[in-house]
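Colleague: The residues making up each chain are set out below.
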Amino acid sequence: MQPGIDYLPKPEVITPDFMRDLMDAYYMRKWNPNKDTVTAVKSWRDWPMVVRMPDLQKDFTVMIDNGLVTSVAVGLPAQPRILSIMLAETMQRVYYDETTAAIETIAGRIKIRGNETERRRMLAAISYLTW
Amino acid sequence: MAGGETHEASLDDFDASGDDIVLVNEKALNWFDVSAIGTGEMLFTAAWSWIMYIGSLYGIKWTLIGFAEGALIINMAWWLYREMITAVPEPGSIQSYGREAGLFSIGTTYFVGYVPIYGAFMWLELTVAKGLLHGLFPSVPTGIWPYAVLLPVMALNLFGHQITGKVQAILVIFTLVGDVLLGLAIWWLMADHATWAANWQSPTPIDWLTPFTVGALWIAIMAGILEVQQVLVDEWSDFERSRDIGLLSAAWQLWARQIPVALGLMATLPLGVLAAMNVPTVEAVAAKLGHGPVFYLGMISMLVATYTTLSVFFMAEGKVLALYAQQGALPRFVGQYSSRSVPWVAIVFMAVFALAGVYITHIDFIIAALTEWSATLYFVIAVFYLRMKQRTDLERPVVVKYGVPIAIFVALYSLMGSVAAIKLNWQASVTWFAIVAVFVLYDAVIVPRTKRGGFYRAQVLRKRSSALRL
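Protein sequence lines, in the order shown, are assigned to chains A and B. Sequential numbering from 10 applies to the first sequence in our numbering. Sequential numbering from 105 applies to the second sequence in our numbering.
Just chain B, same shape as in the assembly (with noise of 0.2 Å):
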């Protein structure tokens, strides 16, 4: 045959995991690019407005409060998710653990969900982005930049450019690189006691529910941190290496750049003055500093982490769409893949998609619904280990010690959240709630009726017959 000639393996080095093949140019995804690609997600521009947000409602004590309680909760899902996707290494995440929690179509609209609310953070960004474009350039029409900032992006996807964790490892080094700098700017030029001082009480009033409030505020934006790795879960090298280190290294490597500048900013300029920035990171210098040297840093970091954040949103959650159209719940051609192995039409989509939010005002309301989100999120992911806790057939290679307490505290901290969103804005909520109760029957009652959709769901359901999971 042609290709050289075969040699069979013996018995004694059959390796079912594989391991053994040495492919010709096989580049997987070490540990730092899993963490890259985390981090890159979670890189976007308007988090600092968010931040901000945040600071404007609660001051920098509650905020800080704030960020301690997600932190703690994000690494007790990291946790979780250690034994989870030991138990099942599938690039489903959570959709298959959602299958082996019996509770499939939960897990699914939480995963397919992914779609919409990345896009609702490419609202967000795309706004603040066109804000700070246009402090800029203010002779240009406003309306451009949106288009600016995404088509290049979405173009580069299409045409097979797709920007892998090897370059968005680059990338979130400049990044992370830039972001320091631009802290010790802020901290050494910008910084001072009196407004520190002055920042550091709460303008609203503190009640009972506060804590859940700040720290369902910042999980808002800490929560995709984890999950965008594991749809690329199948293209990890060094497993144990990628979940230990990779998923919650991106967590630190985040944290590592947000919390010193944001903690400088808010040191420099009252906090409503602040919050009603597009881009605090730049304009504050702009308004500290002028436009010099760290002016032109702040807004470097900031175009390449739109430019990251974009660019996941469209590698990753392409895929997602792409995918739950290939299990028969989208028509078909939403599922289609170009030559360039791009599913296109998903992309396409997904643009689409980010750009008319452009056009929708209410930033508080859509701040709201992300917030109840990420809350139920967590909430979901407990359910699910517990459930998966209970079945005695799932192998787990990993079993973490005090996993089922962390999952209840996780839980019921996540319900308290929720109570929390609701009190934020209860239309938010509410709107959140109706979209998933939507999603959740569409996936449980329509999709199996459909001949793909059903033919799907039985054969992906169909129980495993090895240790392997295959």
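Excised from the complex, chain A in its bound form (with noise of 0.2 Å):
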């Protein structure tokens, strides 16, 4: 954990609820301000992007919009665009800054699926995302 910030409380049980207001906050404190993940996946225009997570049994959805993330929800979407597999185990380091999403990734505990050039920009959108 990083100095100066204000993690959510680990809870005892990991809900899906948890797991959404935990990416919620991620994405906020850490996509969204950083202007080279932003431009990285700039063109895409209210893209759904899923998180399944298997240790959780749980999809979420991550709405992504001119690069910014709009919302995050329970739930699969309609027409997802890239799907992102990782542990909410992983997630949850990541959140708390024990590792970064880029370093997970390359270590594949975080994998990626989609369009291969779209799943270039994501890679190219979290490989900003160290520390």
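Just so you know, not all the hints are guaranteed correct.
[Stated by the list, open to error] The list that follows gives simulated cross-link-like pairs (lysine to aspartate or glutamate, EDC-like), each with its CA atoms no further than 20 Å apart:
hint	chain 1	residue 1	chain 2	residue 2
1	A	Lys39	A	Glu125
2	B	Lys567	A	Glu98
3	B	Lys567	B	Asp468
4	B	Lys555	A	Asp106
5	B	Lys131	A	Glu125
6	B	Lys165	B	Asp348
None of these hints come from the bench; they were simulated from the model.
Quick one: dock chain against chain with the hints and give me the complex.
Modeller: Structural data, given as structure tokens:
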């Protein structure tokens, strides 16, 4: 954890709603203010990205518009564009700054699927989510 | 929310692999794309000069024996990879295997080492292209050609027009057809029995190391065939077919075009004459048939081959170099991606590296150093396999038959290949060993002591907590 950041307290039981809130907080703190990350996927207009968490057995829909994350919701969208698979445990480590999304992607703990070009854009965006 | 209503996947149809989710406009690489990328990597024009170099030293008979050995080792390596790539299905390929084998820095060295190694092959490629184009346009200053060949390919990659598997597949089909036609033309119009017979025996003395020397020389131009596809493993669809058919068919596609043409060429002119040519496939045709249709067919095939090889160099190795920067081992700017999602700093660096090599004239030294690299590469792969086999906590969805004896054979054969390479040019071998030693020390000692590198290392070595390798 980094000093000066008001992290969400860890609950005893990880629920989908907690993970939704956690991701929402993460994207607002790390993704949206990062100019390079936003620029990498600036061409995405109202695009739904699915985040699948096998350990939680839940899917989340992250809406990205003009490169910015606009919302996070539990469930699948009608027409997903990008799929990220990671454990809820990994997402928590990323959120609490024990690791970074870039490292976890490189290490293969975050797997990404999608159209070749868009997938590369996503990888580029994530590569800036470092420290 | 924008973008439509959401619905929940029931637990019954919840698929941890995500295969049940259909994505808009997804175009994953199929097994043929995977194969085409591998073939595209090794379609380098300099390979013909390399084969003629082997022939000029050892004659047709031993060149064929060396090919058979090389093909056997590549097939064995693929056999081992089937198990390793399924146990660790990550784009980190040899770096990831090294991590699981407890030899992370050696894996990293050979993985990131693909960048300068592939770059060194591009030195040969650009030197050959320079000679070829100078022969065609003698009035144009020679020094221009490496730039004229490389810069447009680099520019296209920087513009984001990356030669993906789909485009690569079209180009590979073109060169496959072109080379089959070229092979037929060479055998039909140029080859003769007398030249074949004269070139059959080795012009140099044969000793007990010769089988390993010819094998090692062949493996040097075969080794990359399985490697580059693995950098893109997370883009494969139909994983089993890509792994089992795509990976290996890349090798056989390459050989199906190389061997008939190479053998045909060896029956056209004395091997010493062929070895002195920059591009024997084109120059031998010119010498025998003049500047007719066959000449232009060969010319176009070779130029496309150079293009695909350079493009795969930028496409695959640019990612590797950027990755190493993202791992904290190189300055952060090296891992910078452009707004077109291209690792542009890495690509520019690699272009400079490739062009710098054009001014190096010690081709034999480079060939010997690359031969030592390929011999030790398969030794390392075999050791990784054996060490991963000792892990009881590593799930293996695929366990290949006779994996351990095959790995031991590959390791022992590779050791002998390494000895043969030392005998071929010990300075070149020592140079390669020194590069490996410095790289391993840097990665094992210095990188973990840096802020970014240390943080990365601690996380990447963290134990996987699920059977999905997540």
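Colleague: Take a quick look at whether B/Lys567 and A/Glu98 sit within 20 Å of each other, Cα to Cα.
Modeller: holds (13 Å)
Colleague: Does B/Lys131 pair with A/Glu125 here, judged by a C-alpha cut-off of 20 Å?
Modeller: holds (6 Å)
Colleague: Is B/Lys567 within 20 Å of B/Asp468, Cα to Cα?
Modeller: Given pair B/Lys567, B/Asp468 is violated - Cα atoms ~44 Å apart, limit 20 Å.
Colleague: Need the status of pair B/Lys555, A/Asp106: alpha-carbon distance at most 20 Å?
Modeller: holds (14 Å)
Colleague: Is B/Lys165 within 20 Å of B/Asp348, Cα to Cα?
Modeller: Status violated; Cα separation ~31 Å.
Colleague: Measure nothing beyond the straight line between the CA atoms of A/Lys39 and A/Glu125; if it is 20 Å or shorter, mark the hint as holding.
Modeller: Distance ~25 Å between A/Lys39 and A/Glu125 Cα, so the pair is violated.
Hints 1, 3, 6 from the earlier list are contradicted by this structure; the remaining hints agree with it.
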